[in-house]
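Could you slot chain Y onto chain F? The hints should help.
Number of protein chains: 2
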Amino acid sequence: MAQNARLQSLSILVSCVLLYPAMTTAQQPALNLMPLPASVQSGAGSLRVDSSFSVALMGYTEPRLERAAERFLRQLARQTGLPLALKSAQTRNQTGKATLVIQTDHASKEIQEVGEDESYILDVSTASARLRASTPLGTMHGLQTFLQLVDVSPDGFAAPAVTIQDKPRFPWRGLMIDSARHFIPPDVIRRNIDGMEAVKMNVFHWHLSENQGFRVESRKFPKLHELGSDALYYTQDEIRDLIVYAKDRGIRVVPEFDMPGHSTAWFVGHPELASGKGPYGIERKWGVFDPAMDPTSEKVYKFLDDFIGEMARIFPDHYFHIGGDEVNGKEWDANPKIQAFMKAHGIKNNQGLQAYFSGRVQKLVLKHGKAVIGWDEVLVPGVPKDIVIQSWRGQASLAQAAKQGFRGILSNGYYLDLGWPAWRHYAVDPMSGDAATLSAEEKQRILGGESCMWAEYVSSENVDSRIWPRNAAIAERLWSPQEVRDPASMYARLDFVSARLEWLGLTHRTVSRHMLQRLAGSASAAEFAALRTLSDVIEPVKDYTRERTAPAEPTSATPMNRVVDAVPLESDAARRFGELVDQFVASACHDAAVEARLRAQLTTWRDNDAILQPLAQRSFLVKEVAANSQDLSALGTAGLAALDAIAKGQPALDAWKAQQLAILEQVKKPKAQLLMIPAPAVQKLIEASAAGGTCSTPKT
Amino acid sequence: MAQNARLQSLSILVSCVLLYPAMTTAQQPALNLMPLPASVQSGAGSLRVDSSFSVALMGYTEPRLERAAERFLRQLARQTGLPLALKSAQTRNQTGKATLVIQTDHASKEIQEVGEDESYILDVSTASARLRASTPLGTMHGLQTFLQLVDVSPDGFAAPAVTIQDKPRFPWRGLMIDSARHFIPPDVIRRNIDGMEAVKMNVFHWHLSENQGFRVESRKFPKLHELGSDALYYTQDEIRDLIVYAKDRGIRVVPEFDMPGHSTAWFVGHPELASGKGPYGIERKWGVFDPAMDPTSEKVYKFLDDFIGEMARIFPDHYFHIGGDEVNGKEWDANPKIQAFMKAHGIKNNQGLQAYFSGRVQKLVLKHGKAVIGWDEVLVPGVPKDIVIQSWRGQASLAQAAKQGFRGILSNGYYLDLGWPAWRHYAVDPMSGDAATLSAEEKQRILGGESCMWAEYVSSENVDSRIWPRNAAIAERLWSPQEVRDPASMYARLDFVSARLEWLGLTHRTVSRHMLQRLAGSASAAEFAALRTLSDVIEPVKDYTRERTAPAEPTSATPMNRVVDAVPLESDAARRFGELVDQFVASACHDAAVEARLRAQLTTWRDNDAILQPLAQRSFLVKEVAANSQDLSALGTAGLAALDAIAKGQPALDAWKAQQLAILEQVKKPKAQLLMIPAPAVQKLIEASAAGGTCSTPKT
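Chains as they are written, first to last, in the numbering used here: chain F, 1162 to 1861; chain Y, 1162 to 1861.
A hint or two may mislead.
Just so you know, same-sequence chains aren't split out, so a pair can sit in one copy or run between any two.
Subject to a maximum C-alpha distance of 20 Å in a straight line, what follows is the list of computed DMTMM-like cross-link-like pairs (lysine to aspartate or glutamate) [said to hold, decoys possible]:
| no. | residue 1 | residue 2 |
| --- | --- | --- |
| 1 | LYS1408 | GLU1277 |
| 2 | LYS1784 | ASP1316 |
| 3 | LYS1784 | ASP1211 |
| 4 | LYS1784 | ASP1768 |
| 5 | LYS1845 | ASP1815 |
Just so you know, the hints here were simulated from the structure itself, not pulled from any lab data.
Same shape as in the complex, but just chain F:
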């Protein structure tokens, strides 16, 4: 999925609400669980978690469960600072007396399957806790829930008394990482798998080949990785280790080798697979490119037979992703041999030719004991019913497939690279739209969804911050009951989970400061604070605007060291400011404490530019956001003027309002590929100041 598909995807999505919806001020929920369980019954009191905490495994056990229990204790130790890790060995057999007794009924499948029992029941009382699950998969989910329950309290660390009965809404809850466009090293993959475990995702979809890189060691065809990867690839040992690592966390690994398009990197070492003449080099630019495999060549199928065979032995999962998206057909059109083949076989167009290719490859996958998963395009007449469609097109496409008897997962609406705020992803439901009208049997075919981290504008340095914390909201959408959909509750819990994810080694919160430090060089403490104040409220442009507004044509060698690469994709500070403004303007009787907080924030913004400008003169990377900094200052000034007008209690003049809104229109224009997020909230203040209004009840 790159340019074309995405542009179509964008046009479908453009009807979505683009502004942050007014929502009730986030209230602290009783429990900071994410995803929210299917059923939670709160009890009285809480279970103390101190240095004497112990765990016992009962019923069915296996080394994976023992490792999970040790990992659980290590994580609990990290969360609390209690020296628990030391004790794991001693405590695991004191079954009767353990603080947390874990009962697992039986094994799960040797190779994890779609739809296995992942349920668990967690009972916490003031004296002890009991976790029960049919399989280790449920056990591991229950352990994560317990970790989220533990928090600091007035008397020590504790988990509240509670009874939780939980199971996932969908059996396929995935995260796709594109480690082909930019290579993502194994340790970064590992910590993201840790993050997936924490939010109960169970499929890691690994996008491994692209025009820009072939990332897997092939011993059968070593030229694939030797010539197609700039020496940035995963060895087979690394892959096997990662698969074991994922399995240990109840996570399947589905490899994707995109074909017949998105495959230039294959052709560097194996031009004979291509439909054009070559020679081919690793693609450095982004977009959809002409090179495609030759669907008319038996040599290609022989090669793929061997290649898929080799990969099928490395990746144990039942599903094998063959991509299938975005073939522009130009090489096919230009190749007389291919044209002759189409004529001879009555293939009318390139869609037909791709269907022919797809059918042939699917048979090869089947031959090696696997089932195919592919993007919408692989759904062609005659394909076997056990394929899975991954839909970038949306719920309508998914519903249509389901009616035809095919299973599918949704990715439309879950593209993390589009820079959407969490609430927008959260609002996307696989069962909405056309899917809502399906019969119960057809609905069964919608297996879940996958968030997608496409990597044109992602480096191994900032990829965590492009996935998290927003991916946790998608994980909740795919796990929790459909009724769980309040964005205010989601955000309150997301803040908490986001902080917790840091304990796993994810860098989504720390990396921004590291990257800003690079931009700031030898900035003074005050200058650096000013840079942070600015960076806290700007976000990269959304959807595919980044491609279209790039200062120079971006390539895989373009440094990702700009402010747009450093700031989070969603501004917490701007969201909180927006909530405060909503609270303030909701009534004509304005709350003085809220006003004071708004005024303090707006004053900081107004005065920030004066502090930051000297640094902009010394750093070309800060200089790039000098206009954004002026915008923030303008926003502060406008907001303060609005507050002053409101304080007077008389409607502001229309001319003044028009002038302020004109300023805001300028501020809203992206600069340096960055958006000034608090602008709409300040606009609300200006509109409130122009509306006037009298407080009929006295202020309290």
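What follows is chain Y alone, placed relative to chain F:
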């Protein structure tokens, strides 16, 4: 070195200046180098560092240099965000055209020795850079200097044109890490070795055995680590890897096995080595304990012969540290066999007995091809001249040893666990005091120094923050010319280097937030900000006060999750506030801009407690600092009142002043083992307000 030695050490040090000395406001130095080179000549212009940057190795080369060049490029890539790592392979052979041409003359010793040539010359022009060194040791130091030169500029990343001729003042520049009292995992050791490389330290002294743990796998005597470590020990493979890792960075690894005292953990598996009857268990408390090896037993020497032999084969360095400190002699006094032996051999007291032991062990070390290094106590009559004394006693002790012909290094004044601010360590010079009076030949025997990270109150989680950035100031003391001693310049550069050290994976800056997050649980953003405001200006109590004021007797199982464990050992915010106050009170004509900044800071402090108290009600760990929070509020109120009085231009009343100073006295008392650092600066404001004074020149 634990309790006893330290208390003696403390009494020696108590005469040091204990308050932050008034210093000129930090000015941004021309170059952010640390340690400062022996000679720097600035040129005109700068060398651009962009994606075309390349490195060439000329002259003598070896795999270590190639790895160093690749590491250099990776580090430069991290610093700049430029995609340089990819290019290393291609660029290393384009010798003529490389941006940075490295010329190394010849190999250094296969096993790195004390006093090898570590010098280098670095020439940076606007067109290219040239690094020349006799040996790879100098080359590696020069590469670190180049990395520190590169900074963001108005036109891109650049290194200023400069000629640097550099060499260390002392040949022995070490960091000791005690990984025996608390185990420090290999990856944490590794990143600290990276930090040492960055500041040109060249000895990693590894304190490996203690009463509380024996941390090395012994294949000859496996009960040592199996029974003496709680399963927290380094395997021999891990040790070999770490030694290679250190050698790759020009760093020697000196192992320490402390004997005859500090050795309870040995006796758990081998009670026959002890002077008492046993049985022995791993010690959980801190302090000086009775167990000691039996100096009269030939079995002990046979055991040590075999053991030292085994370790000598693992650790290639010429020096082998045998500890030797703090034997209380109680087991010896109580053992009739030992008393009889002393009588028979004319040994008058326990000092004599330890000297006998020390002499025997030194012969064993010699037998295995090594030379002894030990704490002051190993200097006993008749020891060979090639031993090295590590002095916790101070320059006088060192000078005395030098006069007797012994070489030594200084650690007194460099104990990182005492929580001193960087300037205090920085002021300690190995050549001061008695050492300054030595002859040139005697001075040659003072080889340098070592900072010491004793680990009673250090976990693997926060150890980086207990070592860095202060250790960089000690590194400068040991590398740079003696005249380099301006603390303001040091601090300005330290800030910069501290941020840079984060790129190496050190967590000294980020860990504080992580740990505070744990304390804060589900705090609101405002509450968490308030906790940070408080934690930014408090420091753990100094010297050995933490032992004496512990709420319960601390043990190795005590959780280190309190505020005192989370805050940095030196407050940057308080230091900056102090500088601002000094600037403000320096003249009767007070600067309005400075006053505004002081007022903003004091207001934040004054209002902080109201925000923080609700969190203190919810978290027992925040509750612990509730009184500190009230103190900060009181400090803010007092400081603002002083500013108001100064603004009036009339001296404040004596009664008022007395009242304020009484409040400050309360604020200065440690609470929750934490000190309120800005108190003396606020006191200056109060005294200034009481002094009055008229501005004779108009404000500008």
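- [ ] Determine which of the earlier numbered hints do not hold for this structure and return their numbers in increasing order.
- [x] Nothing - there is no hint that the structure violates, so all of them hold.
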